[in-house]
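Visitor: Letter by letter, the chains look like this.
4 protein chains.
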Amino acid sequence: MLKLSKLLLHSRNQLSQKRLFAEVANDYQWLHGMSTLAGLSAARQVFLPDGRSADKIFAPYSIYKGKAALSASPILPTFSKLESGDFRVDRRGVIFLTFWPAIGERKYDWDKRQTFALSATEIGSLISLGPKDSCEFFHDPSMLSSNAGQVRKSLSIKAHDNSGGYFISLNVVNNILKTNDRFVVPVTTAEFAVMRTAFNFALPHIMGWDQYTNQPPKRIDEK
Amino acid sequence: MLKLSKLLLHSRNQLSQKRLFAEVANDYQWLHGMSTLAGLSAARQVFLPDGRSADKIFAPYSIYKGKAALSASPILPTFSKLESGDFRVDRRGVIFLTFWPAIGERKYDWDKRQTFALSATEIGSLISLGPKDSCEFFHDPSMLSSNAGQVRKSLSIKAHDNSGGYFISLNVVNNILKTNDRFVVPVTTAEFAVMRTAFNFALPHIMGWDQYTNQPPKRIDEK
Amino acid sequence: MLKLSKLLLHSRNQLSQKRLFAEVANDYQWLHGMSTLAGLSAARQVFLPDGRSADKIFAPYSIYKGKAALSASPILPTFSKLESGDFRVDRRGVIFLTFWPAIGERKYDWDKRQTFALSATEIGSLISLGPKDSCEFFHDPSMLSSNAGQVRKSLSIKAHDNSGGYFISLNVVNNILKTNDRFVVPVTTAEFAVMRTAFNFALPHIMGWDQYTNQPPKRIDEK
Amino acid sequence: MLKLSKLLLHSRNQLSQKRLFAEVANDYQWLHGMSTLAGLSAARQVFLPDGRSADKIFAPYSIYKGKAALSASPILPTFSKLESGDFRVDRRGVIFLTFWPAIGERKYDWDKRQTFALSATEIGSLISLGPKDSCEFFHDPSMLSSNAGQVRKSLSIKAHDNSGGYFISLNVVNNILKTNDRFVVPVTTAEFAVMRTAFNFALPHIMGWDQYTNQPPKRIDEK
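Residue numbers (the working numbering), protein chains in the order written: chain A, -11 to 211; chain B, -11 to 211; chain C, -11 to 211; chain D, -11 to 211.
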């Protein structure tokens, strides 16, 4: 039954899903404080070391609940080439959370989405939560710009009283638009276990440590 | 002694094993609601991005017990190419469980097998089970078709009273064929630890998250 | 100080280490019940799918203690190509443990080594041991041959009373050679944590599940 | 707020960061007891099996606190080619910790850094620490040289009384330079969880076990 309702929900939201895939890239540019045009050209400057452009992959882990939906995707770091020919992390990777509200039975409004990008240390906090623990993070997406302090985002993860799951809530106060959005998604123990495993898998990649270990083995010739 | 009996069992079941490898593909097609012919042609439409067809790999983790055997294999998601050139998950991956009954001492009947495909969240439930926990999942393989509700599958995982292992049971009620199949496989702590580690390893791949992290590193050139 | 003594021990055992690397392959052939000649030619039949022979890698995790040394290395499964062109696991992978005795202060005798090959389920048992748990495995390396029952190996892992570490012991009774070898290696919590992490890493590879996930992503073209 | 202060700190330390990237290689050479010249030429002898030199990657996990900063990076093992054509680990991998002191509000002095290279077993100790555990390691970087005993390094990891985090401290006593440096970095539960996940990820690579599992699958042709 549970399974059945989930499937129905899937088909009804197929349209908004497709829009989701298309627009995450835009959100990401916004997150990193790029204007639309600058963002586009910056995106075009993203090349693989050998000159090909990277394919984008869309495989979010999405959870649809009564009042809102929540989706998580990893975004890898970018590297700069140093004069020495070596590479260093330029922009750190994140796990990108997107919340969007329910606007009826199993209907969700993607246009009203809000996002939150978890840093490595925030992921560390999430994956080490005990069954009764809680944590909360605060971001200012306009930090270091003239709009600093105008938009305040807080993400809170709170243990359920008895089920072993968590409430994941995002609150966005935007003083420029005079808006205050709040999303609450109850996440079951099983769903949180998926997030924990997937985030644990993604964390070394987000930190760029997979680039150390992807190197071919170093060899020293025998004397 | 334990080891000895396991080996004997292996050789006696070699034949049914070979049939297992050959037929999993069929079951998988069936699972996804394809008729035999449609399934075959659909299978032929599965190509790698560069046009080669993928080799199939058979490396199930199998557990043979007194009344039934249980086998687990991961099945990866498929991706669709979007008009933008990007890829998104089309059909989600699963861990495919197969049960087949014992029909004598160390003889098993592969023709009487039943299957259950664990979703990412169901895998999350399984790998987060505490030593005294239980869980149960319900599937309708004909959901969304005219046969909806005619076949009901339930998978249950229940902690042993004292050993630290689990009973994994599959019950399939088929109202069309008027059949009711039940399999119970007692799984030791060690066997469950293998499943937990292997499922934990497979989960990010089943979700398609390995495709994010398999991308070559993105590079932004220094100014 | 501890560190210092470990380094000294390293240099003194350099010679036996080199012999270790060279002889593990022989032991492995023996383990799989091949005679020396058959073993050699079988080894030559091991090819990569594309015809090149695989490089052998020697990176054992070794622990040197007062009365014996213990070394662990993963050995991957081999695959057979089916008529369909698909691959299935032919010989399962193992983690290969080698014990060899101390014959003086920081001197060890590699010629007196004994081996034990942990199966996937035995690895599952080891990595799920609680701080006060123990387990024991029994192998007959001549099983299914005319020498069945003549050599009996037992590996035991027992929790220390108070330190959080384990005693890992191998006992080999050989009725043909009339020998009875016993090795005991006390393993600290830290060393056992390395084994747990490394075995956990190796387990999906030993099962062959990495071959599922190493496949290029499957693509279904958009209609 | 927390986030804001972290960002400011980042930009202020950008310069010292760049110097960090450039100088880790030098430290590493020193760590392995090479003189500057010998070290340079040894570094030039590091080739990939196919003759290309390896790109260096800089993606440290860095923690900036009131009195000092701490940074961690994995360094992979090097392999020697044996006469047989096989490869064995020559120099084991480590996780390289660098400490450098604060010299004002959010200003740090990279020139006063000290380093500590964690071995596989020391990493095992760190990742298995319980919430109230502590551990301490002692290194002599000049061991086996004429300066043995002149420099003594000790790294200590101690549980906080109540927060669930740890104090990570490095003490370096140099009898040649008559210096005694001490760094203490309080690490939160979240930061330690990142280290635990990243170290757990890196450990099999540091041991060289990824080279076993990176091999193409071995195939035995069907009879």
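Hints are supplied without guarantee of correctness; some may be wrong.
Claimed, not checked - As a list, the in silico DSS-like pairs of lysine-lysine whose alpha-carbon atoms are at most 30 angstroms apart:
1) A:K141 <-> A:K120
2) C:K69 <-> C:K166
3) C:K44 <-> D:K69
4) A:K95 <-> B:K69
5) B:K146 <-> B:K166
6) A:K53 <-> B:K120
7) D:K206 <-> D:K95
8) A:K44 <-> A:K141
9) D:K141 <-> C:K95
10) C:K53 <-> C:K166
11) D:K69 <-> C:K95
12) C:K44 <-> D:K53
13) B:K53 <-> C:K95
14) B:K95 <-> C:K69
15) B:K120 <-> B:K141
16) C:K206 <-> B:K141
17) A:K206 <-> C:K146
18) C:K95 <-> B:K69
19) B:K44 <-> B:K100
20) D:K120 <-> C:K146
21) B:K53 <-> C:K146
22) A:K120 <-> C:K120
23) B:K141 <-> B:K69
24) A:K69 <-> D:K120
25) A:K53 <-> A:K206
26) C:K53 <-> D:K69
27) A:K53 <-> A:K120
28) A:K206 <-> D:K44
29) D:K100 <-> B:K120
30) A:K55 <-> A:K95
31) D:K44 <-> D:K100
32) A:K53 <-> A:K69
33) B:K146 <-> B:K55
What the hints assert, rightly or not - Residues of chain B placed beyond 12 angstroms of chain C at every Cβ, according to the derived structure:
34) G54
35) S68
36) D78
37) M131
38) S133
39) T167
40) V172
FYI, nobody ran anything at the bench for these hints, they're computed from the structure. Using N, Cα and C, we set each Cβ at its ideal position, and we do this for glycine too.
Visitor: Run every hint past the structure and note whether it holds.
Guide: Against the structure, the hints come out as follows:
no.: 1; hint: A:K141 <-> A:K120; verdict: holds (24 angstroms)
no.: 2; hint: C:K69 <-> C:K166; verdict: violated (42 angstroms)
no.: 3; hint: C:K44 <-> D:K69; verdict: holds (10 angstroms)
no.: 4; hint: A:K95 <-> B:K69; verdict: holds (26 angstroms)
no.: 5; hint: B:K146 <-> B:K166; verdict: holds (27 angstroms)
no.: 6; hint: A:K53 <-> B:K120; verdict: holds (28 angstroms)
no.: 7; hint: D:K206 <-> D:K95; verdict: violated (54 angstroms)
no.: 8; hint: A:K44 <-> A:K141; verdict: holds (27 angstroms)
no.: 9; hint: D:K141 <-> C:K95; verdict: holds (28 angstroms)
no.: 10; hint: C:K53 <-> C:K166; verdict: holds (27 angstroms)
no.: 11; hint: D:K69 <-> C:K95; verdict: holds (26 angstroms)
no.: 12; hint: C:K44 <-> D:K53; verdict: violated (45 angstroms)
no.: 13; hint: B:K53 <-> C:K95; verdict: violated (46 angstroms)
no.: 14; hint: B:K95 <-> C:K69; verdict: holds (26 angstroms)
no.: 15; hint: B:K120 <-> B:K141; verdict: holds (24 angstroms)
no.: 16; hint: C:K206 <-> B:K141; verdict: holds (28 angstroms)
no.: 17; hint: A:K206 <-> C:K146; verdict: violated (38 angstroms)
no.: 18; hint: C:K95 <-> B:K69; verdict: violated (61 angstroms)
no.: 19; hint: B:K44 <-> B:K100; verdict: holds (24 angstroms)
no.: 20; hint: D:K120 <-> C:K146; verdict: holds (24 angstroms)
no.: 21; hint: B:K53 <-> C:K146; verdict: holds (27 angstroms)
no.: 22; hint: A:K120 <-> C:K120; verdict: holds (26 angstroms)
no.: 23; hint: B:K141 <-> B:K69; verdict: violated (33 angstroms)
no.: 24; hint: A:K69 <-> D:K120; verdict: violated (42 angstroms)
no.: 25; hint: A:K53 <-> A:K206; verdict: violated (49 angstroms)
no.: 26; hint: C:K53 <-> D:K69; verdict: holds (28 angstroms)
no.: 27; hint: A:K53 <-> A:K120; verdict: holds (22 angstroms)
no.: 28; hint: A:K206 <-> D:K44; verdict: holds (11 angstroms)
no.: 29; hint: D:K100 <-> B:K120; verdict: violated (53 angstroms)
no.: 30; hint: A:K55 <-> A:K95; verdict: holds (10 angstroms)
no.: 31; hint: D:K44 <-> D:K100; verdict: holds (23 angstroms)
no.: 32; hint: A:K53 <-> A:K69; verdict: violated (44 angstroms)
no.: 33; hint: B:K146 <-> B:K55; verdict: holds (17 angstroms)
no.: 34; hint: G54; verdict: holds (17 angstroms)
no.: 35; hint: S68; verdict: violated (5 angstroms)
no.: 36; hint: D78; verdict: violated (5 angstroms)
no.: 37; hint: M131; verdict: holds (21 angstroms)
no.: 38; hint: S133; verdict: holds (20 angstroms)
no.: 39; hint: T167; verdict: holds (30 angstroms)
no.: 40; hint: V172; verdict: holds (19 angstroms)
Hints 2, 7, 12, 13, 17, 18, 23, 24, 25, 29, 32, 35, 36 from the list above are not met by this structure, while the remaining hints are.
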